Amino acid sequence: MHVLRPLLVVIALVAIVLAIRIFAVPVGFGVYDGGYIYGWYDQSSEEAAKSVEVKYQGREYCQGCHTEQSSKVSSSLHANIQCENCHGPAIKHPSEPPKLTIDTSRDLCLRCHADLPASLSGRSAIKGIDPDNHNPGVNCASCHNPHSPAPGAAK
Amino acid sequence: MITRREFLKTSLAGAAGAAISLAAIEMVDPGKVLAAAVQPEKNARWAFLIDSTKCVGCGLCVKACKLENGLPFEANISPTWVERYILTNGGELFADSPKAGRDGYTSKRVDLGMGKYQVVDKSDTKKAFFVPKLCNHCENPPCVQVCPVGATYRTPDGVVLVDKSWCIGCGYCIMACPYGARFIDPRTRTAGKCTFCYHRITKGLKTACVQACPFGARQFGNLNDPNDPVAKTIMTQRVVVLKDEYGTKPQAYYLGLSKEVR
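Keeping their order, the protein sequence lines are chains P and R. With my numbering, the residue at position 52 of the first sequence is 36, and numbering never jumps. Basically my numbering = 1-based index in the second sequence + 37.
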């Protein structure tokens, strides 16, 4: 008898834990493709990962309306640079945001055009300046046109 | 009391019965096998290809990644980052990645950490290059093995994801990852990582970092698609993976990697 009573208590506790588990664990939880080691998860979270909003739309999206600028860029030395790298993510432009924030800062240009020791990278093939001596403090765009950059030419 | 004959009879019958039922469970469903064999676009295996010789260290990939995935821009966390390596003529190696390379490399000063900097003269450099890095989406991800609650997993198409609503923020995965690819998101206090832009690739788009890269240093492809140019490169060219000796089977392949890269 004195064994049976604590045994019933233990069984009841286990039953309670299992009952709570039914409600606490998401329905999609289970062992999937990767087995217990790599595939033990809630499958519905895959959908959550897919539902993130796409913000960078790509240059094809911009071309639809801004035909003139995009054709100008695509025939220039900056053809490989996406519009959104300087103009910011389009998201749902023109509805939201109605106006994009254009980064005209010197630092943006220096990402590629600051002269650095980079012997084994494509950086050495890009024309670079010494930012401390080449018109410090002046925005590059005040002399150079980022949409059709001719070397050393003013707008 | 049972006789020896009876005991042997029943135990043999039991063993035979168990063998039959096991065989029934392991029967292969031919329909399932066929479905897995065809439809490469439905049964993708995503892989990343990085040509580090093309990287110029502009950091536009890091900026695009953080904005696309809505991460706090000023917090010192990033799913992807760019490292700079400089080897001097004297054999000294400098490596840095200030702010994960988010603002690009615009200065000759190498960030040594703790507020210390080192300027390496151009004439004193033997090798200097940039290496983009991100989660390797390993086939045997150690970060997934250690998760105590099943909040991180590898999807059937080969992407390692985190279930933010289930993660308890214990940080085991951050310790387990040999590549330092994970971090704690300060807003939710759960683990964060590169998702291969799962919301983009499942819609047929490129990842944000691949799209932003002006030089083609970052490429993305499907290993199950025989016509995929990235898959072809990975299968036929001299590619390497990071920390191969860990047995994690990374799915981010590198072209032009140097032994200095850690």
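Errors might be hidden in some of the hints.
[What the hints assert, rightly or not] Here are the computed lysine to any residue pairs in the SDA-like style, where the Cα-Cα straight-line distance is at most 25 Å:
id	chain 1	residue 1	chain 2	residue 2
1	R	LYS159	P	PRO115
2	P	LYS34	R	PRO109
3	R	LYS240	P	SER103
4	P	LYS34	R	ALA268
5	R	LYS286	R	THR273
6	P	LYS111	R	ASP161
7	R	LYS243	R	ASN80
8	R	LYS145	P	LYS34
9	P	LYS39	P	GLY23
[Unchecked claim] So the derived label-pair ranges between C-beta atoms look like this:
id	chain 1	residue 1	chain 2	residue 2	range
10	P	ILE(-5)	R	ALA50	31 to 41 Å
11	P	GLY12	R	ASN126	54 to 64 Å
12	P	LEU(-12)	R	LYS286	27 to 37 Å
13	P	HIS118	R	GLY150	26 to 36 Å
14	R	ARG224	P	VAL(-6)	16 to 26 Å
15	P	HIS50	R	PRO223	33 to 43 Å
16	P	ALA32	R	ASN113	33 to 43 Å
17	P	ASP17	R	LYS159	30 to 40 Å
18	R	VAL186	P	LEU(-3)	15 to 25 Å
19	R	GLY208	P	PRO(-10)	37 to 47 Å
20	P	PRO78	R	ASN126	53 to 63 Å
[What the hints assert, rightly or not] To give a feel for the contact side, a few chain P residues facing chain R, derived at Cβ under 10 Å:
id	residue
21	ASP17
22	TYR40
23	CYS124
In short, the hints are calculated from the structure, not lab data. Model, not experiment: these values are computed from the prediction. Note that CB positions come from ideal geometry on N, CA and C, so glycine has one too.
Here's how the hints hold up against the structure:
no.: 1; hint: R:LYS159 with P:PRO115; verdict: 15 Å, holds
no.: 2; hint: P:LYS34 with R:PRO109; verdict: 20 Å, holds
no.: 3; hint: R:LYS240 with P:SER103; verdict: 38 Å, violated
no.: 4; hint: P:LYS34 with R:ALA268; verdict: 23 Å, holds
no.: 5; hint: R:LYS286 with R:THR273; verdict: 18 Å, holds
no.: 6; hint: P:LYS111 with R:ASP161; verdict: 21 Å, holds
no.: 7; hint: R:LYS243 with R:ASN80; verdict: 17 Å, holds
no.: 8; hint: R:LYS145 with P:LYS34; verdict: 40 Å, violated
no.: 9; hint: P:LYS39 with P:GLY23; verdict: 29 Å, violated
no.: 10; hint: P:ILE(-5) with R:ALA50: 31 to 41 Å; verdict: 33 Å, holds
no.: 11; hint: P:GLY12 with R:ASN126: 54 to 64 Å; verdict: 58 Å, holds
no.: 12; hint: P:LEU(-12) with R:LYS286: 27 to 37 Å; verdict: 53 Å, violated
no.: 13; hint: P:HIS118 with R:GLY150: 26 to 36 Å; verdict: 29 Å, holds
no.: 14; hint: R:ARG224 with P:VAL(-6): 16 to 26 Å; verdict: 42 Å, violated
no.: 15; hint: P:HIS50 with R:PRO223: 33 to 43 Å; verdict: 36 Å, holds
no.: 16; hint: P:ALA32 with R:ASN113: 33 to 43 Å; verdict: 26 Å, violated
no.: 17; hint: P:ASP17 with R:LYS159: 30 to 40 Å; verdict: 51 Å, violated
no.: 18; hint: R:VAL186 with P:LEU(-3): 15 to 25 Å; verdict: 21 Å, holds
no.: 19; hint: R:GLY208 with P:PRO(-10): 37 to 47 Å; verdict: 38 Å, holds
no.: 20; hint: P:PRO78 with R:ASN126: 53 to 63 Å; verdict: 54 Å, holds
no.: 21; hint: ASP17; verdict: 4 Å, holds
no.: 22; hint: TYR40; verdict: 5 Å, holds
no.: 23; hint: CYS124; verdict: 12 Å, violated
The structure fails to meet hints 3, 8, 9, 12, 14, 16, 17 and 23 from the earlier list, while all remaining hints are met.
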